[in-house]
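Starting from the given sequences, assemble the full structure and let the hints guide the process.
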Amino acid sequence: MSFAVFCFTAFTEGKISATSNITGILITPIQKGTTGVAGFVDNIYGYLYRYDSLQEENKKLKEELQDTKNKLQSAQEAAEENTHLRELLGLKQKNKSFDLEMAEIIASSTGNWNTALTIDKGSLSGIKVNDCVITEDGMVGYISEVGTTFSEVVTVIDPTMQAGAIVSRTRDVAVAQGSFDLMDQGMLKLSYIKKDSDIMEGDTVETSGLGGVFPKGIIIGTVQKILPEPHGISNYAVIKPAVNLNKISKVFIVKSFKITE
Amino acid sequence: MRYTRENYIKWSSYSILMILLYLLQTSYSLGFSIFGTKPDLFPFFVASLALLEGPSCAAVLGFFSGLFLDMTIPGLDGFFPFYYIVFGIVSGLFSGKYFRKNILAALVLGAAASIGQNLLKYFFYYALFYQVPLITGLRIMAVELIVSVFFSPLVYLGVKLVNKHFAEEED
Numbered sequence: 000m001s002f003a004v005f006c007f008t009a010f011t012e013g014k015i016s017a018t019s020n021i022t023g024i025l026i027t028p029i030q031k032g033t034t035g036v037a038g039f040v041d042n043i044y045g046y047l048y049r050y051d052s053l054q055e056e057n058k059k060l061k062e063e064l065q066d067t068k069n070k071l072q073s074a075q076e077a078a079e080e081n082t083h084l085r086e087l088l089g090l091k092q093k094n095k096s097f098d099l100e101m102a103e104i105i106a107s108s109t110g111n112w113n114t115a116l117t118i119d120k121g122s123l124s125g126i127k128v129n130d131c132v133i134t135e136d137g138m139v140g141y142i143s144e145v146g147t148t149f150s151e152v153v154t155v156i157d158p159t160m161q162a163g164a165i166v167s168r169t170r171d172v173a174v175a176q177g178s179f180d181l182m183d184q185g186m187l188k189l190s191y192i193k194k195d196s197d198i199m200e201g202d203t204v205e206t207s208g209l210g211g212v213f214p215k216g217i218i219i220g221t222v223q224k225i226l227p228e229p230h231g232i233s234n235y236a237v238i239k240p241a242v243n244l245n246k247i248s249k250v251f252i253v254k255s256f257k258i259t260e
Numbered sequence: 004m005r006y007t008r009e010n011y012i013k014w015s016s017y018s019i020l021m022i023l024l025y026l027l028q029t030s031y032s033l034g035f036s037i038f039g040t041k042p043d044l045f046p047f048f049v050a051s052l053a054l055l056e057g058p059s060c061a062a063v064l065g066f067f068s069g070l071f072l073d074m075t076i077p078g079l080d081g082f083f084p085f086y087y088i089v090f091g092i093v094s095g096l097f098s099g100k101y102f103r104k105n106i107l108a109a110l111v112l113g114a115a116a117s118i119g120q121n122l123l124k125y126f127f128y129y130a131l132f133y134q135v136p137l138i139t140g141l142r143i144m145a146v147e148l149i150v151s152v153f154f155s156p157l158v159y160l161g162v163k164l165v166n167k168h169f170a171e172e173e174d
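These protein sequence lines map, in sequence, to chains H and W.
Residues 0 to 260 in this note's numbering are what the first sequence lists, from first letter to last.
Residues 4 to 174 in this note's numbering are what the second sequence lists, from first letter to last.
FYI, nobody ran anything at the bench for these hints, they're computed from the structure.
Please note: incorrect hints may appear among the correct ones.
[Claimed, not checked] Output of the computed footprint for chain H on chain W, the stretches with three or more beta carbons under 8 Å from beta carbons of chain H:
1) 19-31
2) 37-47
3) 70-77
4) 126-135
5) 142-155
[As the list claims (entries may be wrong)] Facing chain H, a subset of chain W residues (Cβ under 10 Å, in silico):
6) Asp80
7) Asn121
8) Thr139
C-beta atoms are modelled at their ideal positions from N, C-alpha and C, and glycine is treated no differently.
In structure tokens form, the structure reads like this:
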């Protein structure tokens, strides 16, 4: 039998022999399957092996990303601090007699009867009641209550706030005060304006320094409109605060200043 | 009151809820308000406690809530702790007899606390010292009440969750 197979194979030179062909036909699917399984196993092994290295790489990348984020945040904080220090320097250069303390706003008041802010500096930092609170743009308010490490700031639009004011252009003296009717619009009132006064929309209002409570020349806001008082004797102006009270994070407290009336 | 471990955890949970409420209300960066009107949720917190836990819990946590509020509202030192102690006791005793323990009762009690607190503030402080017209005062009170009632179910649910959890554990 084997001799017959040998002779059959010997006379089919150059072609795949019938026996090889039959064996091949039978074995190819098995080989294919085996190769497939081997490849699959190899893939799994490779995947598992690479998974570890990928995980490690991922971890490393995450660490690098976090590190970069931290650096970016530090840079942003430094830039922000730089801006505030420049403001402080600017304020100090403009008002050489001011003893300023920088503070951060940590909370706002609850309820709708007042608009007060809480700052992170108190008596430990030398803050006192009635100290004026400002930013580079103008007046924020004044200190109404002092704790050891925090203080309450009554803002310029609060109805309990009153400050001697002067209109920069006309030099008209008046009183800037908060009003319950204007508080929710974020405005305040400039009261006791003479009927014949030349005050116009857009005029700047600043502190007069009269009485010596607040320093002179701190911008309070700009005139939006002028209306007659209900009693008809004088006018009042609606003032838009120079400082956006909803968008400040750091303020300066004027701890002492030279009184110039 | 039994001084069990569960009680300590329950009181701590209420205290954390109170602090969260305070932080939410006073957060400067969050600016928690609707059209410029800030909700006052503490009356609803004390009312929910009075309804679900009784007068003693409402009075104690009301006192501390008042102390927190004193820190952020200038000119009214001592008013809030006193008001919330009295309100906690009265509403706790009253609701125990006449109210069912549900959200509607909490809203009614909370609204009563809010109105009472604002009327006292108005007549004994703002009208007296700042001559605020009644119509202006009423407008502030009404708008604040509406905004507060809108958020108050969240406060009730917070208190209810803690209350329910520990009531089940006691059973």
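Here's how the hints hold up against the structure:
For the segment 19-31 of chain W, the proposed coverage by chain H is satisfied: 4 residues have a C-beta within less than 8 Å of a C-beta in that chain, meeting the threshold of three. For the segment 37-47 of chain W, the stated coverage by chain H holds: 5 residues have a C-beta nearer than 8 Å to a C-beta of that chain, and at least 3 were required. Interface restraint, the segment 70-77 of chain W with chain H: holds (5 residues with C-beta to C-beta distance below 8 Å; minimum three). Counting residues of the segment 126-135 of chain W whose CB falls under 8 Å from any CB of chain H gives 3; the rule of at least 3 is met.
For the segment 142-155 of chain W, the proposed coverage by chain H is satisfied: 3 residues have a C-beta within less than 8 Å of a C-beta in that chain, meeting the threshold of three. Interface hint status for W:Asp80: upheld, as the beta-carbon distance to the closest one in chain H is roughly 8 Å, under 10 Å. Taking 10 Å as the C-beta contact cut-off toward chain H, the hint placing W:Asn121 at the interface holds, the least distance being around 8 Å. Of the supplied interface hints, the one on W:Thr139 holds, with its beta-carbon coming within about 5 Å of a beta-carbon of chain H, less than 10 Å.
In this structure, every one of the numbered hints holds.
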